[in-house]
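Asker: As a plain string of letters, each chain reads:
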Amino acid sequence: MAYGPHTPADRERMLAALGMDSVDELFADIPKPLRSGPLRLDPPEPEQLLMNRLAGLAARNKVDLASFLGAGAYRHFSPPLVDQILLRGEWYTAYTPYQPEVSQGTLQSIYEYESLIAELVGLDVVSASHYDGAAATAEAALMTCRATGRGRVLVSRAVHPHYREVLRTYFDGAGLGLEEIPLVADGDAAGTTDLAALERRLADAENPIAGVVLAQPNFYGLLEHMADASKLAHDAGALFVAVVEPVSLAVLAPPGAYAADIAAGEGQALGIPPQYGGPYLGILACTEPLVRQIPGRLVGMTADVDGRRAYVMTLQAREQHIRREKAASNICTNQTLLALAASLWLSALGPHGLRDVAALGAARASELEAALASVGVARAHAGAYLNEFAIRVPNAPAVHRELLGRGVLAGLVLADAVPDEPGLADALLVCATEVTTGDDIATFAREIGEVLGSPASREPVGVPA
Amino acid sequence: MSASGPRLQPTLFELSRPGRGSGKVPHPPKDALDRLPAEHRRDAPAALPEVNEPEAVRHFVNLSQMNHAVDTGFYPLGSCTMKWNPKVNEWAARQPGFAQLHPLAPDAVSQGTLQLLWELEQILIEISGMRAVTLQPAAGAHGELTGILMIREYHRSRGDTNRTDVLVPDSAHGTNPATATMAGLRTISIKAAPNGRTDLEAFRTALGPSTAAVMITNPSTMGLFESQVGELLEAVHAAGALAYMDGANLNAILGRFKPGEAGFDVMHINTHKTFSTPHGGGGPGAGPVAVGDKLEPFLPAPRVLREPDGSFRLERAGERPTSIGRMRSFVGSTGVLVRAYAYLRTHGASGLAEITDDAVLAANYLKQRLADSGAYDIPFPGVCKHEFIASATSIKKKTGVRTLDIAKRLLDHGFHAPTVYFPLTIDEAMLIEPTETESVETLDAFADALIAIAREAESDPEVVRTAPHTAPVRRLDEAGAARNPNLRWRPAVGDWTPCPD
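Line by line, the protein sequences give chains A and B. Under numbering that gives the first Met the number 0, the first sequence has 155 at position 156, and the numbering climbs by one with no breaks. Under numbering that gives the first Met the number 0, the second sequence has 182 at position 183, and the numbering climbs by one with no breaks.
Read the hints as simulated data drawn from the structure, not as lab findings. Don't take every hint at face value.
With the Cβ distance kept under 10 Å, some of the chain A side facing chain B (calculated, not the full set) [as the list claims (entries may be wrong)]: (1) L25; (2) D41; (3) L48; (4) V62; (5) G71; (6) Y91; (7) T95; (8) E164; (9) I271; (10) A357; (11) L359; (12) G360; (13) A361; (14) V412; (15) A416.
Ideal Cβ positions, reconstructed from N, Cα and C, are used throughout, including at glycine.
I would like the entire structure built from these sequences, with the hints used as guidance.
Answerer: Below, the structure written as structure tokens:
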């Protein structure tokens with residue numbers, strides 16, 4: 000076995016100590032009819048050949064495209080120090096800090112992560128991590144039900160469709176109610192949450208609402224009137240959940256500023272590579288009064304018996320290993336190493352670097368908007384955005400596919416992602432960040448101009464796989 | 000204070016000096032944000048620390064040195080399978096073709112990863128003896144919720160809506176009952192039999208028309224194979240319920256027992272336990288879920304599909320209406336799954352079987368050494384699987400020294416402690432899991448340390464009760480931490496507890 004230490008003599012010695020001749024005797028407790036035959040798998044692969052195999056598979060993915068795809072996972076510059084520190088075995092081969100005296104590194108790093116995110120979101124309590132933005136959002140929505148004793152949550156249709164799907168799965172499981180608030184269909188506010196509809200729904204006192212969930216920026220990249228939505232929720236006795244993108248918080252008003260009770264979001268942008276979906280970092284934060292409702296690990300500062308500053312997992316009476324069926328959640332293993340990645344990335348960039356990243360993304364997005372407009376491609380919505388926006392493109396799926404063949408990943412086909420929004424059937428969602436180059440933007444504009452100008456794209460194009 | 004080794008660190012916030020750091024990214028144009036309405040703008044910048052690269056690196060390297068880790072020493076944390084984390088797996092996950100692939104990239108440019116995920120599913124199907132696998136769940140507990148939601152949906156799809164109970168042995172992980180609650184179901188806790196195994200008769204009595212599922216950890220959290228699992232599964236199915244297997248202890252049965260073949264309907268697999276993906280200080284993990292025929296229609300979406308032409312694609316939204324839906328965003332924790340795939344390929348059929356043989360041999364050897372010493376109680380003296388329970392009940396009676404004290408004293412010997420006070424049903428429990436990657440010399444040294452501590456408990460109990468003595472900090476004020484939670488840095492914190500250094 001590849002990493003095993005035992006020589007045949009070692010095994011013999013251990014078996015002899017047990018008074019056994021064969022290791023098979025150690026499996027005599029498995030009843031014969033239940034014993035399985037040998038595994039039908041390939042033989043072991045030496046490391047050299049394994050590396051060839053993996054390099055070959057990785058090479059079958061195409062990652063050198065001019066990419067404008069975001070939609071909840073973003074490319075950012077990551078200083079080399081981030082990954083070099085993450086590769087220290089003391090971090091990645093430890094586990095949950097059950098023995099705090101020999102886990103102060105992990106514990107202090109979690110405390111620092113909690114503190115960094117608290118600064119970003121403007122809320123005081125930050126969980127050590129959740130699986131991803133979607134699971135954190137679902138946990139946030141469940142928190143509003145526990146805290147208010149009400150069983151129904153409103154979520155904006157401008158929240159990421161995957162997050163809404165996960166909310167549905169969790170809420171259906173728990174037997175709780177979930178309703179969606181529609182988008183404004185047209186005008187200056189098109190693509191943002193219909194706050195008039197929200198207000199009407201909250202006015203139904205017969206079916207009181209536990210929480211209201213909006214995203215900032217929303218899935219379409221647009222900025223929502225979070226303060227207004229927050230006030231509507233609070234006036235109806237509901238809690239307000241803000242789904243946030245952490246890099247944007249360098250320049251956008253934080254949830255604490257508009258009195259959100261809970262913030263949830265995807266922390267992948269904080270120095271974590273896209274890696275086809277994970278592992279990512281679920282951010283979950285809340286106000287102090289909700290501290291006993293928040294699920295997941297919390298680390299606090301304390302002292303040892305000599306009065307030295309030290310850190311420890313705390314308020315564990317919320318957690319499954321103590322409370323079992325009465326726990327706030329079943330979460331156990333979370334995403335600690337990704338929280339460390341976020342702390343490293345934020346430390347490497349600092350407050351000014353973080354602001355530069357957010358502002359540079361906005362600047363690149365402005366350039367992208369202008370370049371696309373110059374070839375006749377316009378935004379789908381009129382409202383303010385930070386670094387992501389939808390564009391109107393006739394036959395969007397076919398154009399997207401054609402551009403892929405030309406080396407451009409032209410964002411997300413909204414007809415696939417949100418088929419239930421008929422107004423966006425011919426639209427792409429595109430984003431820019433600080434790693435988007437001027438060349439990428441010029442290529443995208445040139446190629447989409449060509450594709451849209453060609454006769455093929457003016458006729459309806461079928462959508463074969 | 001020594002120049003090397005563990006050193007207590009100030010927080011990043013105390014290291015911060017205005018004007019330090021940066022130089023990492025270009026400056027944006029001055030008017031970059033002018034188009035943002037004032038209503039949406041942040042008033043004051045976030046008060047993040049300003050540190051330069053050398054300071055940041057030293058901070059995090061010094062912090063890391065205060066951790067015990069598999070890379071620094073033996074970590075026999077029962078139920079967690081702290082085995083060796085191969086270095087080639089870290090290399091694999093960092094290949095740009097894997098790491099830089101966007102989760103919404105079209106299938107046409109994602110064929111390498113899709114193939115890897117599909118092949119990984121086939122390997123896990125063979126190991127579990129099940130019909131199909133979802134790789135979506137992000138951790139074991141997340142897999143449990145996935146499995147129980149599928150079971151609920153199965154009953155619902157048959158119009159069988161009165162099944163509200165989940166039977167769980169009282170020795171189970173806390174995640175099992177917590178999962179049942181999240182799925183809107185009620186937990187019924189079943190006491191173990193005196194021999195530590197599930198009490199078949201108690202289960203038979205509790206099973207009925209309201210039983211949705213039974214959750215069994217096999218081998219159990221006592222480290223024992225559930226020898227009556229065949230009879231139990233028959234009873235579960237006769238009652239119309241389905242059987243969930245908590246696969247936390249899969250390391251003990253690779254190539255010896257396939258849960259699907261034995262009759263389990265669904266199980267989760269902790270890649271961070273059995274398949275060596277690093278524990279990361281508390282995650283990330285991954286919790287693939289394997290199911291039999293009955294539950295396959297309900298698997299979360301999207302699944303990875305292989306087309307007749309040999310290409311791969313993801314299921315499209317709404318393609319399989321019977322699905323329970325999504326459990327998380329995107330496809331899954333692919334970076335973790337790449338590592339698991341590398342590990343499974345490295346070992347192949349024979350290597351996986353050896354893992355189990357050596358893990359079980361190591362646990363039994365260590366258990367025998369402790370039993371021979373007479374220093375510890377061994378509640379279940381027969382053959383164990385990959386882990387076993389020792390107890391300090393007799394030591395406590397004789398000396399007042401408890402399992403917690405022994406665990407702390409082990410830290411002074413350079414070992415991580417076993418899992419302690421779990422399962423909750425065993426007095427002064429230590430759950431010890433050595434794994435297959437520890438040498439017999441390490442196993443002996445650990446046994447010697449435990450035996451020496453038992454003697455020390457008699458000769459000098461105070462030393463044990465006040466351990467650890469050589470860790471970066473001594474025992475912590477956990478009650479104070481819970482009474483007055485300090486969960487984030489504020490400048491005033493520096494006045495309450497002095498900054499180290």
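Asker: Checking each numbered hint in turn, tell me which of them this model violates, lowest number first.
Answerer: Going through the list in order, the structure violates no hint and respects every one.
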